[in-house]
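Sequence lines, in order, name chains A and B. Just add 87 to wherever you are in the first sequence, counting from 1, and you've got our numbering. Just add 688 to wherever you are in the second sequence, counting from 1, and you've got our numbering.
There is no bait here: all hints are sound.
Okay, derived cross-link-like pairs now, PhoX-like style, lysine-lysine, Cα gap no bigger than 20 Å in a straight line: (1) B:Lys-745 - A:Lys-190; (2) A:Lys-190 - B:Lys-759; (3) A:Lys-129 - B:Lys-697; (4) A:Lys-155 - A:Lys-136.
Covered by chain B, according to a simulated footprint, are these stretches of chain A (three or more residues, beta-carbon under 8 Å): (5) 125 to 135; (6) 190 to 202.
These are calculated hints, taken from the structure and not from any lab test. Values in this document were obtained by computation on a predicted structure and should not be read as measured data. Beta carbons: idealized from backbone N, C-alpha and C, even for Gly.
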Amino acid sequence: AQSVTQLDSHVSVSEGTPVLLRCNYSSSYSPSLFWYVQHPNKGLQLLLKYTSAATLVKGINGFEAEFKKSETSFHLTKPSAHMSDAAEYFCVVSDISNFGNEKLTFGTGTRLTIIP
Amino acid sequence: DGGITQSPKYLFRKEGQNVTLSCEQNLNHDAMYWYRQDPGQGLRLIYYSQIVNDFQKGDIAEGYSVSREKKESFPLTVTSAQKNPTAFYLCASSIAGQGNTEAFFGQGTRLTVV
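Let the hints inform the model, and build the full structure from the sequences given.
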């Protein structure tokens, strides 16, 4: 069975400083991994995805993530935080279930707060 | 513009009533999903459908029902059997069966039991 662990439920950083949101996963197969962002009372928007190509993935709004198979990690980073980055972030693993159906498993989310 | 539309945005239900949440997509996606979101618990899968006229239970299907009569539509009914229905509900769709494609989400419906 696949699972996702987001190691921090809440992260606070000052504007202009680096952002690190941590994610570890487990999967029986070769997974695809995603990061989504959610602003209050909104749906989820894809930031970036890893699908067994390059291990360093660049996404929108200056975010990137590195897939490390040996550490089963997929941490999200950004060099310089902006006030508009304040939101909830979800790490997601996608796998094929025993029935051949695609299944997404979500982490519990990390709330990012930006301090002016 | 292509996308997923959920309606209504806010919904109030009296205890003991069934209520149906709408989800429509024009992305020509085969797969559609319903998730429930509660604070601190992330998203939990209620039901999903990979093809018209077929759907499977997710992790928390009790008290919910769905139908998939058309490719574009995947309505969710919250029945009176659901003991704690107050939550934020999200519908999503994706290209089915590949395991590596992103899901597209609607803007959500916030259901409150009064």
